[in-house]
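Chemist: Below, each chain spelled out in residue letters.
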Amino acid sequence: MTDIPENDVPLARVDWNSPEQSARLKKRYRTEKIFKSLAVLSLATAIAALMVVMVSIFTTGISGFTETRIELDVTLDANVVGDIANMSRPELETHIASINVNNILVRSLQAKFPDVTKRADVFALLRLFSVGAQSDIRKVILDDPTLVGQTVPISLLAGSDVDMLMKGNISREVEQADRKITDQQLAWVDQFNEEGKVEQGINWTFFTSGDSREPELAGIWSATVGSFLTLLVTFLISFPVGVGSAIYLEEFAPKNRFTDLIEININNLAAVPSIIFGLLGLAIFINFIELPRSAPLVGGLTLALMTLPTIIITARAAIKAVPPSIKEAAIGLGASHMQTVFHHVLPLSMPGILTGSIIGMAQALGETAPLLMIGMVAFIVDTPGGILEASTALPVQVYLWADSPERGFLEKTSAAIMVLLAFLIIMNGLAIWLRQKFEKKW
Amino acid sequence: MVNKMNVLNVNEGQTTSVQEPEPKMKAKKVNVYYGNNHALKDIDLNINPNEVTALIGPSGCGKSTFLRCLNRMNDTIESCRVEGTILLDNQNINDKKIDVVQLRARIGMVFQKPNPFPKSIYDNIAYGPRIHGIANNRGDLDEIVHSSLKKAGLWKEVHDRLDASGTSLSGGQQQRLCIARTIAIEPEVILMDEPCSALDPIATAIIEELIEDLKSRYAIVIVTHSMQQAARISQKTAFFHLGKLMEHGDTATIFTNPTHEKTKDYITGRYG
Amino acid sequence: MTRSHIVSSFDEDLEELRGKIVEMANLVARQFKDAETALVEKNLKLATAVRENDQMVDQMEQDIEKTAIELIAIRSPLADDLREIISAIKIGNALERIGDYAKNLSKRVAVLNEIDNFEANNSVICQMIEIINLMNKDVIDAYMNKASEKAISVWTRDIVVDNLYDTLFRELLTYMMENPEYITPATHLLFVAKNIERAGDHLTNIAELIYYIVEGVPLEMVRPKGDNSSEANVEFSG
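For the protein sequence lines, the chains are C, R and Z, in the order given.
Per this note's numbering, residue 1 is the first one in the first sequence, and the count goes up by one each step.
Per this note's numbering, residue 1001 is the first one in the second sequence, and the count goes up by one each step.
Per this note's numbering, residue 2001 is the first one in the third sequence, and the count goes up by one each step.
Please note: incorrect hints may appear among the correct ones.
Sample of chain R residues with no beta-carbon within 10 angstroms of chain Z, all distances over it, derived [as the list claims (entries may be wrong)]:
1) GLU1083
2) ASP1099
3) VAL1101
4) HIS1146
5) ASP1163
6) THR1256
7) ASP1265
Between beta-carbon pairs, the in silico distance windows are [said to hold, decoys possible]:
8) GLN436(C) / ASP1044(R): 51 to 57 angstroms
9) MET2144(Z) / ASN1037(R): 42 to 48 angstroms
10) GLN363(C) / HIS1038(R): 48 to 54 angstroms
11) ASN1036(R) / PRO324(C): 20 to 26 angstroms
12) ASN1036(R) / SER2153(Z): 52 to 58 angstroms
13) GLN2059(Z) / ASN1037(R): 54 to 60 angstroms
14) PRO324(C) / PRO1201(R): 23 to 29 angstroms
15) ASN1048(R) / SER2153(Z): 38 to 44 angstroms
16) GLN363(C) / ASP1042(R): 56 to 62 angstroms
17) GLU2070(Z) / ASN1037(R): 40 to 46 angstroms
18) ASN1036(R) / GLN363(C): 23 to 29 angstroms
19) ASN1048(R) / ALA12(C): 39 to 45 angstroms
Hints were generated in silico from the structure; no laboratory data involved.
All C-beta atoms in this analysis are idealised placements derived from N, C-alpha and C, irrespective of residue type, glycine included.
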């Protein structure tokens, strides 16, 4: 028995209705209110900033998905095209590639504007159209060789300046010297426009072609493939290595100073600036191992180094979150440590591990700096066919276009950012979906 | 005093006439250390076949630690060190030659919190037979799953939904599933660590009835905080206090006339 | 001294139960005392009062039983608590029987009163009542103090009552042989003595229960027996 009788402790008397009490109560509610409004304010600021970015990218970029075409009656002169009646398809293709389509275009334009005779004016007229207009004409001939000798209306890709003008990115009010398009060219475009020959359409080229010096011909396909190959390499290396390390560290490694040191270093690695990984990749993979420059293999290896800490940390957290009772149940039934880990712990932590990995992958997808260091920043038009071919990546493409002086690349940059964001959203959505679908309750 | 001595002599003459069976497990001078903490001190305890032995005592007295010594679950705790001899059919389970994986198949364990795997009811029970290669084909496995569920008294409730997740069952059903999972590999001893502490009284009663049934086939050791439960289901009771085995004997005697003062104080709810 | 329970209201309930036992024992002792007075002073009014008071004794027995059952249901007692509560029911039972004997005794006071021709020797009866009331007091002392040795001492003292009964039995038998008219009053007196002797037996039962409460094992010594009246056979001397 205790010496002091517990029942004799005097109760503190509180007058709940006193003015001090109600004042204190009011103060408590006030501080709560202030804290809440501050939180809402900061959240609103963040959302507003995000909205500004999104709206600016969207308004600039949405026009990047469209192109301008001008319809022109083109006379497919048999003398220029040559005799193609009896050619087989492959012969036809090589022949058409060699014909002087420029000549056809110039003659057709002169036919439409008979008063344009000066050489400089003809060039100015020709510049209304993109270099890609020639391929449009070639395609028509290839599709139907019987049209040769006739005059047919063909929808030709307009040049970037006309495109900009039609999208309102070039102002008519500006002095002629300060704009990319002359008064003369303006008049021609207006004439086409009045005849209803100018039209806007979806820019399929953007999704199917590689980079180009001409904004209207530039596309993101090769960059997308490059990014995909890079990420494939990154995933194939960082996922097994990362998950394996996480399992070993969490389940098998003895807890001592050495493993503590490893753990601290992994956490520190996650915070290292990505450009350092780029330098590392440059030094090891390119200069030491002498792998090819600009290749997805090197990019993937470098990004794998960068993603590893993220995957290890999230995988360890997911493994740690598996309830010990499940492990005990398996061990109690006579499962070995290995069986316990691979039959129970790993399947249960897989949703978490996958979520972490996908988020790590998304991070890698958006990474630019390390890729710059290993030379994936080169101007590459061709779509890479393998992981050893030179390639570029989506964020690098954005970086390159943002650097270009042409007015037409501005909208391409934003359009490419939108594509990149779409991929990121899809990947994060996939992560959420996986977690929801495979998460088990216990 | 003289009178009292006389009386005790008369009593002793009567109790020694009962013949004890050969114990299934024998613990001799078991000491357990967690780092520098001496958790169990010189425990000597026999566990008889076809009997329920209840381990009681206040929290932290070492009863769960002792239970986990019996199937070497303490091996999984790095800082834990076990000394002494624990015999299973006269074979020391702490011997280096003993394969711990097989040992745990012979000595099954049921835990405090029902912990079915987040798999189907069927797979929960089939897991043990699968990893130990007990069933040769699908038919044998089906047979084991069905009979285990029947023995655990769960068959009627789940026979039409063996594909349902084990975690979709109620708490009491989950615990019976865990018992079914344990008996699917035909252990010789079943250890239970407070199996009813998370269950309502009805589910508890069903489990107790089940333990009563299982007693005829296995030696059962159960840790419980409920004195009433220990009194209801066990034949032998061991009282642990501060890492020592204070008293061990027939349940009826322990609960009506404990010898040790500490035992009496604990079971009657007095200041310890 | 045993330690108190962590749940202090359990201790309070146990105290209440013990208080009821003591109260009942005291009441029974007073009943015997009053019956004795009624017998000696031929006080019929007091005898009637004793008979009526027996209802109170019965009431108290039921009360003790109810309290004990409630304690078992609510507190789930174990070990010495369990032994004490179960024994309380049995002690109440025994005390009720002792009370019955006091009642029976006072009933016979009326019959004995109507018989004038027999001046009985009441001193042995009084002596017996004194002894059992002393035993009653001591057994309750032993109960309150959980003193098993004192309980044994009460238990062994019953031999005195038995011996007194035996003596009175032989004396009354002699009276009856001398004069058949004495048979009726002597038989009644015999029953009175027998009742007191039975009350003593019940007190020894209570002493045994107290021993069981304290020690946890039944008292299994052979009790010294002094009542040989069942074998008594007084020879007709001529």
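Chemist: Hint compliance check: list the failing hint numbers for this structure, sorted ascending.
Modeler: 6, 7, 18, 19
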